[in-house]
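Protein sequence lines correspond, in order, to chains A and B.
The numbers in our numbering rise by one with no breaks, and the one at position 16 of the first sequence is 16.
The numbers in our numbering rise by one with no breaks, and the one at position 134 of the second sequence is 134.
Keep in mind that a hint or two might mislead.
Counterexamples of contact, computed for chain B against chain A with all Cβ distances above 12 angstroms [claimed, not checked]: (1) Asn-2; (2) Glu-120; (3) Ile-128; (4) Ala-131; (5) Leu-167; (6) Lys-175; (7) Phe-263; (8) Ile-391.
Which residues of chain A face chain B? A partial, calculated answer using Cβ under 10 angstroms [what the hints assert, rightly or not]: (9) Leu-7; (10) Met-33; (11) Asn-49; (12) Val-51; (13) Pro-53; (14) Lys-95.
Honestly, the hints are just simulated from the structure, not real lab data.
The structure presented is a predicted model; accordingly, all values stated were derived computationally and were not measured.
Glycine is no exception: its CB is placed at the ideal position from the N, C-alpha and C atoms.
Residue strings, one per chain:
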Amino acid sequence: MIRLASLLLLLIGLYGVLTTKNVIKMIISINIMELGVNIFIISVGFITNGVAPNLTEHIDSSLSNFVDPLPQALVLTSIVIGLGITSLGLAFARKMNKKYGTYDLTMIGGMKDE
Amino acid sequence: MNNPVLLIIIPLLLAFVSVIIKKAGKWILLLGVLINTVLAFFITTGETIIGGFLPPAGINLVVTQFTLVGVILINSLMLLTIIMSIDLVGKYSVILLTALAGINGMLLTGDLFNLFIFMEITVIAAYILSAQAKKYHHTITYLIIGSVGSTFYLLGIILLYHLTGSLNMADVAAKLPLLTTKELLVPILLIFIGIGVEVKLLPVSGWVKGVYAHANRLIAPLFASIIAGTALFVFGKLFVSVLPLSDTLTMLILVMSVMTFVFGEFAAFKQKQVKEILLFSSIGQAGLITALFISGLVYAAVILIISNVVSKLIMFTIAGAFTEKYQTDNYHSLSGVFVHNKITGIAFTIAALSMTGIPLLIGFYAKLNILIGFFHAGNYVLPVIVLLMTIVEGAYIIKLLLALWAPGKEGQVSLESFAVEKKQLLSVKNTAICLIVALVLIVGGTLIDTTSKIVTNGQPLLGDESPYFIISQSKGGE
Chain A
1 MIRLASLLLL LIGLYGVLTT KNVIKMIISI NIMELGVNIF IISVGFITNG VAPNLTEHID
61 SSLSNFVDPL PQALVLTSIV IGLGITSLGL AFARKMNKKY GTYDLTMIGG MKDE
Chain B
1 MNNPVLLIII PLLLAFVSVI IKKAGKWILL LGVLINTVLA FFITTGETII GGFLPPAGIN
61 LVVTQFTLVG VILINSLMLL TIIMSIDLVG KYSVILLTAL AGINGMLLTG DLFNLFIFME
121 ITVIAAYILS AQAKKYHHTI TYLIIGSVGS TFYLLGIILL YHLTGSLNMA DVAAKLPLLT
181 TKELLVPILL IFIGIGVEVK LLPVSGWVKG VYAHANRLIA PLFASIIAGT ALFVFGKLFV
241 SVLPLSDTLT MLILVMSVMT FVFGEFAAFK QKQVKEILLF SSIGQAGLIT ALFISGLVYA
301 AVILIISNVV SKLIMFTIAG AFTEKYQTDN YHSLSGVFVH NKITGIAFTI AALSMTGIPL
361 LIGFYAKLNI LIGFFHAGNY VLPVIVLLMT IVEGAYIIKL LLALWAPGKE GQVSLESFAV
421 EKKQLLSVKN TAICLIVALV LIVGGTLIDT TSKIVTNGQP LLGDESPYFI ISQSKGGE
């Protein structure tokens, strides 16, 4: 279920990237795509009724229902990269708006550069 | 001394140093690239484990002969680019050092997720570098295509992790043949799309024209030869030695590669700007190289990468100088420019002819190996396409060279007075470097025994046992 939801988010994001013309909306769509992938990554390691993968005296270490910790580490990295790209994209969008006076990518095609 | 991790750490460390000491930025950059190039020559093949955990649980760097060629080639080219265009570095030294760290990481890493991280480091640096031309809509197009591509790549490797329980390339490569082709179809396709953005394959190479066509003397060779070369080496590593391709996938990727090749060459033929000719020709060559990797002709592909990135380094540097000095790179308005700059012109001509595959140059040796390899594999369709495209390539290169060397219109006597006004294109230092690199193309193409010995070191690259052409031994040399 959670996987379907994450893939749905991915597709919504992809649809947004393909159909919008506004740069800010495109960047938000990419964010939604990344969110979908991140949720998918988490869902890969998820086990119903699993326990956190910590070795303590309260938890029997012979249990095999540990949640996989690796996807959680991966998702942290992926979130940070997503943040970096979003902020960079927004900075470029702002610069573009300053130069051409629009956020619409299709408007710029025929414009003079100066 | 010969720990490959230094190749990633030193530029990264110096990147932080150059943030603090902004004024010495370009000298720190030069120092970093110099150290890296020297170190690249001293690393040896083998595996380096990082962090003390044994792979597949831990992270490792893998140096094979294939990556060794890539690391030495890319670092040396980076050094040459920086030396030639150090006056343009300005505030970009941090970005260039970070890009260098990312590039070396991409070439060396033995882990799929690490590859994702290093790829992101490199492409984020590339986004910032592409903004140098102040054509922000092109940068944003690149950023959007690039991030969608890397999201696909991430999803692909996570699916592989889900299927195999590992992200280590060697481990994944050992476990994947146990899975059915149906299970592998989606992850491999997603990874292919992700890498394809950087390799510049057809459906996802829409960003290339905007970014390359406005890049300057520093950025254009950086994109066309360094980042593109790295992406091709990574493509080769992944699709030859890690991911098993079913027949359907091989066919699909091969068709896309060949389409890219044909489209790129024909598009290059139609262009009027020097940089646009070169960028479409890069797209075409990238398509041919991926087709070679998919067909298993690793040696031919590596020689073609070397020939292509070295030629593109010279040509894009000179094309960047055109826009710098004449404010245009339309070859009609540059007629006879090489009459005033003969040595620069000779370097450009050697690079261009090597790209077309004129004998005695390394490009010819690459094409020879491609044809021999395909014929040995019993493939008679691709050699025809390669030869036909060589004609197209020759046509636009000769048209370009003629316009740049001979002033005046067609049918006129070519006099120096018809040429564009006299300006020195490149400084003496840069002209010398361009000429020396061009001579390397000749030496590499004539002493092919030495070339093959340096590239292969006597071992097959990535297990490629297909014959290649050398004179002294009879191994495949008909």
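Each hint tested on the structure:
1. Asn-2: 29 angstroms, holds
2. Glu-120: About 5 angstroms separates Glu-120 (chain B) from the closest Cβ of chain A, which leaves it inside 12 angstroms; violated.
3. Ile-128: Violated, because the least Cβ-Cβ distance between Ile-128 (chain B) and chain A comes to about 7 angstroms, which does not exceed 12 angstroms.
4. Ala-131: 6 angstroms, violated
5. Leu-167: 8 angstroms, violated
6. Lys-175: Non-interface label stands for Lys-175 (chain B): nearest chain A Cβ at 16 angstroms, farther than 12 angstroms.
7. Phe-263: 21 angstroms, holds
8. Ile-391: 33 angstroms, holds
9. Leu-7: 9 angstroms, holds
10. Met-33: 5 angstroms, holds
11. Asn-49: At about 20 angstroms, which exceeds the 10 angstroms cut-off, the nearest Cβ of chain B leaves the hint on Asn-49 (chain A) violated.
12. Val-51: The hint is violated - Val-51 (chain A) has no Cβ within 10 angstroms of chain B, the shortest such distance being about 19 angstroms.
13. Pro-53: Because about 14 angstroms separates Pro-53 (chain A) from the closest Cβ in chain B, which is outside the 10 angstroms limit, the hint is violated.
14. Lys-95: 5 angstroms, holds
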